[in-house]
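Those sequence lines, one after another, are chains X and F. Start counting the first sequence at 24; every next residue gets the next number (my numbering). Start counting the second sequence at 74; every next residue gets the next number (my numbering).
Read the hints as simulated data drawn from the structure, not as lab findings. Worth double-checking, as some hints may not be accurate.
Claimed, not checked - Here's a subset of chain F near chain X, in silico, CB distances under 10 Å, partners left out: (1) GLN100; (2) ILE102; (3) GLY166; (4) ALA183.
All C-beta atoms, glycine included, are put in the ideal place defined by N, C-alpha and C.
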Amino acid sequence: MSRRLRIENCLDALRPMSEWLAESCVALGISDDLSYRFDLAANEAVANTISYGYAPGARGTIELCFDLTHGHAILVIEDDGNAFNPLELAEPRPASSIEDSRIGGLGVLLIRRSMGQCEYQRRGGRNVLTLKSPVLEIQHESH
Amino acid sequence: MELETEKLDGGITLIKLRGRMDVRGAQEIDLKFTTITSVNQGAFVIDMSEVDFLASIGIRTLLVSAKAAKARGGRLVLFKPIELVANTLEVAGITAILPIFHDMDAASAAATAS
């Protein structure tokens with residue numbers, strides 16, 4: 024029972040995406056904690072894709088598919104932008120002072136730490152990001 | 074996102090944030106937040122208790138303001154982030170620069186410490 028959403032490569036689409044994700048998590052009986060982590064990972068990844076994966080002014084489509092299978096919740100994010108891996112930026116060192124702090128790559132760190140597994144592939148002219156996390160408990164029964 | 078300010082005893086500026094600190098939210102408050110933290114002197118306590126989501130863009134807004142406060146000899150501290158938001162700040166490795174307090178007296182003391 025996978026759930027799908029299609030959005031434009033526009034930062035205004037992030038809120039509808041988050042709402043769709045929250046509804047999907049409730050429908051699939053996913054806990055609030057895990058729902059938050061998917062929300063965070065998806066916001067970071069899709070914001071990166073929208074900001075850096077397309078030439079300025081280029082229109083595109085981002086498709087999301089959310090599913091629960093074999094004890095894992097899986098979010099697949101596929102876009103038709105330039106070859107761009109939102110996981111590729113280097114992770115920052117922990118910041119020890121304001122002067123040392125680096126924001127670049129923070130989003131990537133948050134994606135990796137929120138999700139059990141992250142994988143990027145370039146497939147059929149599209150970027151495909153798969154985010155996966157084990158579901159440790161079902162909050163309520165889904166039908 | 075919404076933003077309210079209040080002056081507390083000891084010259085502390087309390088900034089209360091409300092809502093999702095994602096791309097949209099950060100954009101909505103960024104100018105006002107940055108202005109308040111660069112115009113006022115010294116000590117800032119950011120009440121995070123009604124911030125229900127924090128993304129890296131929101132962390133950037135907080136960091137920039139912490140930097141501005143520090144440059145003016147002040148400090149910016151965070152008060153009562155919800156657990157999921159606090160986890161994000163810890164994962165980001167940012168809690169030394171943006172210290173978290175759950176007690177207002179401790180937050181105020183830390184904000185005014187030199």
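Requested in this report: Hints the structure violates: just list their numbers, smallest first.
Outcome: 2 and 4
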